[in-house]
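Number of protein chains: 2
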Amino acid sequence: MSEVFSTPPQDRFFEDYVVGATYVCGSFKLSEDEIIAFASRYDPQMMHIDRDLAASGPFGGIIASGWHTIAAAMRLMVDNFLPHNGLAAPGIDELRWPRPVHPDEVLTLHATVQEARRSRSKPDRGLIRTLLEVLNQNGEVVMSMKPLNMVRVRNPEI
Amino acid sequence: MSEVFSTPPQDRFFEDYVVGATYVCGSFKLSEDEIIAFASRYDPQMMHIDRDLAASGPFGGIIASGWHTIAAAMRLMVDNFLPHNGLAAPGIDELRWPRPVHPDEVLTLHATVQEARRSRSKPDRGLIRTLLEVLNQNGEVVMSMKPLNMVRVRNPEI
Numbered sequence: 028m029s030e031v032f033s034t035p036p037q038d039r040f041f042e043d044y045v046v047g048a049t050y051v052c053g054s055f056k057l058s059e060d061e062i063i064a065f066a067s068r069y070d071p072q073m074m075h076i077d078r079d080l081a082a083s084g085p086f087g088g089i090i091a092s093g094w095h096t097i098a099a100a101m102r103l104m105v106d107n108f109l110p111h112n113g114l115a116a117p118g119i120d121e122l123r124w125p126r127p128v129h130p131d132e133v134l135t136l137h138a139t140v141q142e143a144r145r146s147r148s149k150p151d152r153g154l155i156r157t158l159l160e161v162l163n164q165n166g167e168v169v170m171s172m173k174p175l176n177m178v179r180v181r182n183p184e185i
Numbered sequence: 028m029s030e031v032f033s034t035p036p037q038d039r040f041f042e043d044y045v046v047g048a049t050y051v052c053g054s055f056k057l058s059e060d061e062i063i064a065f066a067s068r069y070d071p072q073m074m075h076i077d078r079d080l081a082a083s084g085p086f087g088g089i090i091a092s093g094w095h096t097i098a099a100a101m102r103l104m105v106d107n108f109l110p111h112n113g114l115a116a117p118g119i120d121e122l123r124w125p126r127p128v129h130p131d132e133v134l135t136l137h138a139t140v141q142e143a144r145r146s147r148s149k150p151d152r153g154l155i156r157t158l159l160e161v162l163n164q165n166g167e168v169v170m171s172m173k174p175l176n177m178v179r180v181r182n183p184e185i
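Here the protein sequences come in this chain order: X and B. Take the first sequence: its letters are residues 28 to 185, numbered as in this note's numbering. Take the second sequence: its letters are residues 28 to 185, numbered as in this note's numbering.
One or more hints might be untrue.
Here are the simulated distance ranges between beta carbons [stated by the list, open to error]: (1) X:Asp77 - B:Ser58: 27 to 35 Å; (2) B:Gly88 - X:Asn112: 16 to 24 Å; (3) X:Leu80 - B:Ala82: 33 to 41 Å.
Anything over 10 Å on all C-beta distances counts as not near chain X; from chain B, calculated [to be verified]: (4) Gly47; (5) Ala82; (6) Glu142.
Keep in mind the hints are simulated off the structure, nothing from the lab. For every residue, glycine included, the Cβ atom is placed at its ideal position computed from N, Cα and C.
Start from the sequences, fold in the hints, and give me the full structure.
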């Protein structure tokens with residue numbers, strides 16, 4: 028079930044994250060030129076940068092670096108999921124790329140809140156554990172991960 | 028203990044990865060301009076893009092997006108650790124950013140092979156599990172993760 032936040036990112040706090048809710052956080056595409064440019068700098072493997080070799084490879088053409096898919100998904104997470112007064116993210120668990128990302132696919136970010144608990148040592152914040160999934164236009168998951176995020180509490184005294 | 032590969036990346040196979048060995052895979056820096064450019068596109072949080080706000084924040088200035096640190100580390104992994112005839116990477120476990128990355132720090136990638144096992148279903152390949160760590164110039168870990176990589180076997184018949 029898709030839910031909508033009751034608050035915009037600039038006024039979003041720990042209390043606004045509903046455990047079990049899935050928030051649809053927008054869509055993006057990666058063009059072949061963008062894929063090649065990103066990978067040429069950060070992940071210059073054949074399948075990401077060489078059109079001819081990629082065409083004869085297992086994916087039939089260029090596919091995106093998994094780090095590019097994540098970076099683009101992160102942008103939607105910052106714009107539409109995380110609070111704008113955010114704190115550090117301690118880490119990510121279970122990052123997976125079950126399917127390749129081809130150029131110009133329509134990719135949509137789903138964020139499902141799996142856990143939300145107040146910090147015992149720091150009452151002004153809480154920890155949100157989320158399942159992030161990027162789905163292609165066929166509804167297939169192309170990337171998933173479970174980030175941890177520290178988020179400020181609106182009413183620390185409660 | 029730092030080890031050196033017996034083969035260059037273009038001639039590297041599953042058999043070349045020694046369990047327990049730590050390979051030092053090179054160093055990099057991220058300039059403040061690069062940090063801001065990457066984060067403006069992919070991770071536009073205040074601490075990564077706004078010099079003035081970042082200066083008054085908990086880190087005393089701009090820090091790199093964790094995704095930028097990973098992307099730059101991935102480049103060294105492709106250049107110096109993975110074989111150039113590589114296969115897909117199924118995923119990453121336990122991604123952590125224990126310390127911030129400030130502009131112009133000298134960051135060095137260490138790759139420690141934790142597990143190497145042949146595939147039972149596909150005898151031409153094996154799975155390598157690695158602890159990747161990015162250390163700053165003080166020897167402190169600023170990022171760590173445990174990637175899984177499928178790697179071709181040199182002699183599948185053995």
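Cross-check of the supplied hints:
no.	hint	result
1	X:Asp77 - B:Ser58: 27 to 35 Å	holds, 28 Å
2	B:Gly88 - X:Asn112: 16 to 24 Å	holds, 18 Å
3	X:Leu80 - B:Ala82: 33 to 41 Å	violated, 46 Å
4	Gly47	holds, 24 Å
5	Ala82	holds, 17 Å
6	Glu142	holds, 17 Å
Checked against the numbered hints given earlier, the structure breaks only hint 3 and satisfies all the rest.
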